[in-house]
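**Student:** With the sequences and hints as input, model every part of the structure.
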Amino acid sequence: MIDLAFLNVSKRYRIPSETAPPPGLLGRLRHRVARPSTDFWAVRDVSFEISKGESVGVIGHNGAGKSTMLKLLSSITAPTQGEIHVNGRIAALLEVGSGFHPELTGRENVYLGGALLGMRRAEITSKLDRIVEFAGMSRFIDVPVKRYSSGMYVRLGFSMAAHLEPDILLLDEVLAVGDASFQDKCLGRIEQLRNSGITIVFISHDLMAVQRLCSRVLLMQQGQLAGSGTAEEMIHRYHEISRFQNTRSVERDITGARAASTGIEFLSPAGDSLTALPSGGPVLFRLKYETREAVAKVRFLVVVQSLDDVVQFTLDSRLAGRLYDLPAGGGEVDFHIDSLPLRDGFYRIDTVLYTEYEAEALDYQPRCATVQVQGERVREGLYYVPQRVDVRPVPVVSSRS
Amino acid sequence: MASSSAKIIRPPAFTLRFFARGISDLAAYRDLLFSLSQHRVRVRYKQSALGMAWAVLQPLAMMFIYTILFSVFTRVPTAGIPYPVFVFCALLPWTFFSTAVANAAGSLTGHRELIAKVFFPREILPFTYVFAAVFDLLIAGVILAGMMVYYGVALQPQLFWVLPVLLVALVFAVSLSLLFSSLQVRFRDISLAMPLLMQLWMFASPVVYSLDAVPERYRGWYVLNPMAGVVENFRRAIVGQAPIDIPSLASAAAVSVTLLLASYLLFKHQEATMADII
Chain A
132 MIDLAFLNVS KRYRIPSETA PPPGLLGRLR HRVARPSTDF WAVRDVSFEI
182 SKGESVGVIG HNGAGKSTML KLLSSITAPT QGEIHVNGRI AALLEVGSGF
232 HPELTGRENV YLGGALLGMR RAEITSKLDR IVEFAGMSRF IDVPVKRYSS
282 GMYVRLGFSM AAHLEPDILL LDEVLAVGDA SFQDKCLGRI EQLRNSGITI
332 VFISHDLMAV QRLCSRVLLM QQGQLAGSGT AEEMIHRYHE ISRFQNTRSV
382 ERDITGARAA STGIEFLSPA GDSLTALPSG GPVLFRLKYE TREAVAKVRF
432 LVVVQSLDDV VQFTLDSRLA GRLYDLPAGG GEVDFHIDSL PLRDGFYRID
482 TVLYTEYEAE ALDYQPRCAT VQVQGERVRE GLYYVPQRVD VRPVPVVSSR
532 S
Chain B
99 MASSSAKIIR PPAFTLRFFA RGISDLAAYR DLLFSLSQHR VRVRYKQSAL
149 GMAWAVLQPL AMMFIYTILF SVFTRVPTAG IPYPVFVFCA LLPWTFFSTA
199 VANAAGSLTG HRELIAKVFF PREILPFTYV FAAVFDLLIA GVILAGMMVY
249 YGVALQPQLF WVLPVLLVAL VFAVSLSLLF SSLQVRFRDI SLAMPLLMQL
299 WMFASPVVYS LDAVPERYRG WYVLNPMAGV VENFRRAIVG QAPIDIPSLA
349 SAAAVSVTLL LASYLLFKHQ EATMADII
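Residue numbers (my numbering), protein chains in the order written: chain A, 132 to 532; chain B, 99 to 376.
Just so you know, these hints were derived from the structure itself, not from any lab.
The beta-carbon is built from N, C-alpha and C at its ideal position, and this holds for glycine as well.
No false leads were mixed into what you were given.
Restricting the straight-line Cα-Cα distance to at most 30 Å, the calculated cross-link-like pairs of lysine-lysine (BS3-like) are:
no., chain 1, residue 1, chain 2, residue 2
1, A, K277, B, K144
2, B, K144, A, K258
3, B, K105, A, K183
4, A, K183, A, K316
5, A, K277, A, K258
6, B, K105, A, K258
7, A, K316, A, K277
8, A, K316, A, K258
9, A, K183, A, K258
Away from chain A, derived, C-beta distances all over 12 Å, residues of chain B:
no., residue
10, A147
11, V170
12, G178
13, P180
14, M246
15, Q254
16, S289
17, M296
18, L298
19, I342
20, L358
21, A360
**Tutor:** Below, the structure is given as structure tokens:
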């Protein structure tokens, strides 16, 4: 049975042009009413079907149309063309906390938020205890939510939606927030819902969570459906799209620029290509560049960021002590890392080329690659710190189960 | 079961099916309407020192000003009714209307976060402001009862007309709330114009004077303003200086119902893409 279907769905946004209004009151009015605009198709002719009980992930880069799809699915905005068929009660877990009213207590907000998610009052009353307990908030439930920390906000919001028991659950980046133990709890609850036969649509950057939860994945690219298949296949395709296309020619690639990076590879010290980097392990980042003419005193930077755009660290050729005079042509820069300090997860890469004499970068490639880091799951914290442990007096070692 | 909850999301259109969906959505979300209205009232008074007193302070203050202006400085004919009672019972429906519409006008733009992130029938937002104004009206009604006792104004047999009159006022307030709030999403001028509009509108309604003061030949045009029929007949129902003026009430009802249909259609059509432009 089909639970959810997109039939040739398109969504157009009109982006108003920034032209100044003509002078005079009448001119302003006319400009305001019929402002010239350009069309932007955030979703273009997308069709797919999701069967009852399936859990489907939607992945894609920023601007691929993921959030628009979510808005369409949850009826926040209507499609410009096409039809969306929804069979059953749909609940969207999009930043549920946004419905909270700061002056009201947690309890009052559960009623309000529940009603926003389409719950009946009696239904909320019957589930209130479980919601509060799951969020671990029983002590604070009668405190105005303006006194809550952002973590408490999210916990209560998620807990509400997780107890809604819809037929179809839409999940956004909700799992990106909260501490690791609560994230695990959320994933556990979602798995439980999935096993009970609920249809799940999970739209996320968190590829690991998508892989864990979803039997099928849709890959979006520039507003269109680029593929549908198993999580492994689609995540692989996702990485393919995000890598540099190494075949790009210098002329087309670096119009106006004298030098540009054209690719980055992630290798083991032995030079083997890695699909995932080991947390704490030795790795080699190989940056490829091309130059149209000789450029003096060049500095290479590789910036590693988390998916929520927090810079983790920067590889900087000047830290190694010098700048490089490059001849025309091209080459490679190897950054050797003895022990990668990243915790498990996905990271985005920016590359920058500077020359000493100019404030402006020669070349800047934001988000030109995405890389996965694997390792022991870090329970809390931002980094993986390689460590040795000594316990004194030397205990009887109990073997790990 | 499955077929009853099946839903098809289409581009907005002025079709019967589209609006039938809107009505059934609203019915499904009636608990949200209830919860939000309740919270609206609660939050409004939660952190103010005077609390509920604000609900009566405005009509009372207005009553004092107009009493000084129109029964001390200059005399407005009131058919023998004490001017404070005369003006206060007109101020009740008027204050209800102006508070409801002025607050509801900004209700969508004031909840941008919610509209961009959660689905629910958007008309619930302006509706909650209308209901909060109903609550204020009930409180002010208690004051009116007290004044009537004080001035010795007897209850009238035509008192029951209060209900249909208020129903018309409610329908009219709801329809303007829909109209103004959806226009405000595109044109922020609406909320800027609101204080001026309401001031002019009050003097175009028989609040400080009675309908009889309006020259006969302008009456037909005058009662096209539904608030004319509402305010005048609310006063007549309470103090009974004259029988209910059926023509003005009927015209008020006709205009209100027509406007309600038109503004609901406009609102639902706008709603489909509201989240994109708000």
